[in-house]
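> Sequence:
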Amino acid sequence: MIEEVRSQVAELAEQLRLLRLSGAPEQPLVRIEQPLPMINLFNWLAAQTLPGKSYWQDRDSDYKVAGLGKAWRYKINDQSEVNTCFEQVNRLLDKTTRCLGYLSFSDSQKMVWPAFGYGEFFFPVIEVVQTRKGCSLACNLLAQDEPSWRTSIDKVLNYLTRVSWSVDEPDSPCRLGAPQFKPDQAHWVSLIDHALSDLESGALKKVVLSREARISLQEGQLDPWMILYLWQVANPRSYVFAFESDEGSLFFGCSPERLFRRVDRVVHTEALAGTTRRGSDRDEDFKLELRLLNDSKNVHENRLVLNDIRTRLESICSYLEFDRSHSVVKLQTIQHLRQLIRGVLKEGISDSQLFSLLHPTPAVGGEPREMARHFIEEHESYNRGLYAGACGVLGRKRSEFTVSIRSALLEEKHLSLFSGAGIVNGSVAQDEWQELNNKIKTVLSLLGHKACVTETSNSYEPEMQLTPDHENGYRVG
Numbered sequence: 001m002i003e004e005v006r007s008q009v010a011e012l013a014e015q016l017r018l019l020r021l022s023g024a025p026e027q028p029l030v031r032i033e034q035p036l037p038m039i040n041l042f043n044w045l046a047a048q049t050l051p052g053k054s055y056w057q058d059r060d061s062d063y064k065v066a067g068l069g070k071a072w073r074y075k076i077n078d079q080s081e082v083n084t085c086f087e088q089v090n091r092l093l094d095k096t097t098r099c100l101g102y103l104s105f106s107d108s109q110k111m112v113w114p115a116f117g118y119g120e121f122f123f124p125v126i127e128v129v130q131t132r133k134g135c136s137l138a139c140n141l142l143a144q145d146e147p148s149w150r151t152s153i154d155k156v157l158n159y160l161t162r163v164s165w166s167v168d169e170p171d172s173p174c175r176l177g178a179p180q181f182k183p184d185q186a187h188w189v190s191l192i193d194h195a196l197s198d199l200e201s202g203a204l205k206k207v208v209l210s211r212e213a214r215i216s217l218q219e220g221q222l223d224p225w226m227i228l229y230l231w232q233v234a235n236p237r238s239y240v241f242a243f244e245s246d247e248g249s250l251f252f253g254c255s256p257e258r259l260f261r262r263v264d265r266v267v268h269t270e271a272l273a274g275t276t277r278r279g280s281d282r283d284e285d286f287k288l289e290l291r292l293l294n295d296s297k298n299v300h301e302n303r304l305v306l307n308d309i310r311t312r313l314e315s316i317c318s319y320l321e322f323d324r325s326h327s328v329v330k331l332q333t334i335q336h337l338r339q340l341i342r343g344v345l346k347e348g349i350s351d352s353q354l355f356s357l358l359h360p361t362p363a364v365g366g367e368p369r370e371m372a373r374h375f376i377e378e379h380e381s382y383n384r385g386l387y388a389g390a391c392g393v394l395g396r397k398r399s400e401f402t403v404s405i406r407s408a409l410l411e412e413k414h415l416s417l418f419s420g421a422g423i424v425n426g427s428v429a430q431d432e433w434q435e436l437n438n439k440i441k442t443v444l445s446l447l448g449h450k451a452c453v454t455e456t457s458n459s460y461e462p463e464m465q466l467t468p469d470h471e472n473g474y475r476v477g
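No gaps in the numbering here: position 104 of the sequence shown is 104 in my numbering, and each next residue is one more.
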């Protein structure tokens, strides 16, 4: 297979050398493709030393893209710049190209991660794309003028010489520290009490509060691409994503939640809210499912999200429908209530308008939206950054975005795992804390942790029972 790949890469390089001899074409962005045999995209990304790694996979696995570098990029400083960014992207798109990108939960400077900014959309220099039709190697070339045309070609040629096509499974053992929570459980109880006070007064209907579990990397290197691969195996029919900052931090995850999918003028979205754990066997799992479907607190939480999204879409849709009853989405360790929403957009409605109406949804923020977001910004003890934001692909015919939950941030010496819980009247702090634990249980198990969280009699702090290595660490690999 390697020889076949190298032959296709050489053919692409020859095409580029010939194009360099010609003048810049009229369209501002040119995409050149070459067929490739199927490869493991996670192993391929793990083998690369080039900067700007990115990955996106839709929930049905119809479209997967692994990217290197950025041929064109637009950094978004705040919400007011989203429409301008999308307009510039649309001028570069043709019928087949798609633009990758992400937005943070909030554009408040205290909530944004500096390494990523509020948001960014970009076309990779090189990308490997897999669809149900096959696999291809593609490059994106700027053709705004003669200098940019030649510079873009030279950049791709340089990348092609540096790309590794060795896709052997890496073996990189790593020792990790025990998770440190922010907020810890005592502060979580205090935070829930504060939220319940606002809920009881009627100021809030719902607020989604979250937690960071921060794990130190004590020895060796953690391979996030292997973790991401195993994560999507554990939770199939999830969106899979990864974005690397200029400094080398990597935000990645495996989310079950759709923000929206637009195909021409048909739009699909959903209300995903209300959670319980999976059962230890089929009978218990079914009983928990029935309890979730009939639990007034969880049904109310989901209905708040559904009503908000429906009200917002009514103004931009000529036709709108939603499921008459809830369904249940089952993941490895938890199950969610979901109601699907479908509509036909009015003529002239853009993706940026969809974003402004839907993001962030009450499933990750709360209701009323602005009041809930203000509560989160004022009271959460860490910065959400890209967690609970949105990421995906923009295209002329089709755009699709996920809500960036079930996610992690890998930095040089730390791995952070994020989880959230919707708080409404009737919420119990201990139950919501356990929900936070359940939502990171899958990725903890992938890291080699065997976590058992139990409440002690004198403290709200959980006791984490982890598989030890030499008494002071936890080994992965």
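Fair warning: there could be bad hints in the mix.
[Stated by the list, open to error] Pairwise CB distance ranges, derived in the manner of DEER restraints: (1) L320 with S201: 18 to 24 Å; (2) D283 with S201: 30 to 36 Å; (3) K397 with N40: 26 to 32 Å; (4) H414 with H194: 24 to 30 Å; (5) D94 with H374: 40 to 46 Å; (6) L320 with R237: 20 to 26 Å; (7) E247 with D78: 18 to 24 Å; (8) E146 with I2: 21 to 27 Å; (9) D283 with E321: 31 to 37 Å; (10) D94 with N158: 54 to 60 Å; (11) M371 with P35: 33 to 39 Å; (12) H374 with V263: 32 to 38 Å.
Worth flagging that the hints you see were computed from the coordinates, not collected in a lab. Beta carbons are placed, not taken as given, at the ideal position from N, Cα and C, and that holds for glycine.
> All hints, please: hold or fail.
Here is how each hint holds up against the structure:
Checked against the hint of 18 to 24 Å, the pair L320 and S201 fails, with Cβ atoms roughly 33 Å apart. For the hinted restraint 30 to 36 Å between D283 and S201, the CB-CB distance of approximately 42 Å leaves it violated. A C-beta distance of roughly 28 Å is found between K397 and N40, which places it inside the suggested range of 26 to 32 Å. Between H414 and H194 the beta carbons are some 28 Å apart, a value that agrees with the proposed interval 24 to 30 Å.
For the pair D94 and H374, the beta carbons lie near 41 Å from each other, so the given range of 40 to 46 Å is met. At roughly 24 Å, the beta-carbon separation of L320 and R237 lies within the given 20 to 26 Å, and the hint holds. The beta-carbon spacing between E247 and D78, approximately 21 Å, falls within the hinted interval of 18 to 24 Å. A hinted range of 21 to 27 Å for the beta carbons of E146 and I2 is inconsistent with their spacing of about 36 Å.
In this structure, D283 and E321 meet the distance hint of 31 to 37 Å, their C-beta atoms being roughly 35 Å apart. For the pair D94 and N158, the supplied restraint of 54 to 60 Å is violated, since their beta-carbon distance comes to about 25 Å. A hinted range of 33 to 39 Å for the beta carbons of M371 and P35 is inconsistent with their spacing of about 52 Å. Taken as a hint, the range 32 to 38 Å holds for the pair H374 and V263, whose Cβ atoms sit roughly 35 Å apart.
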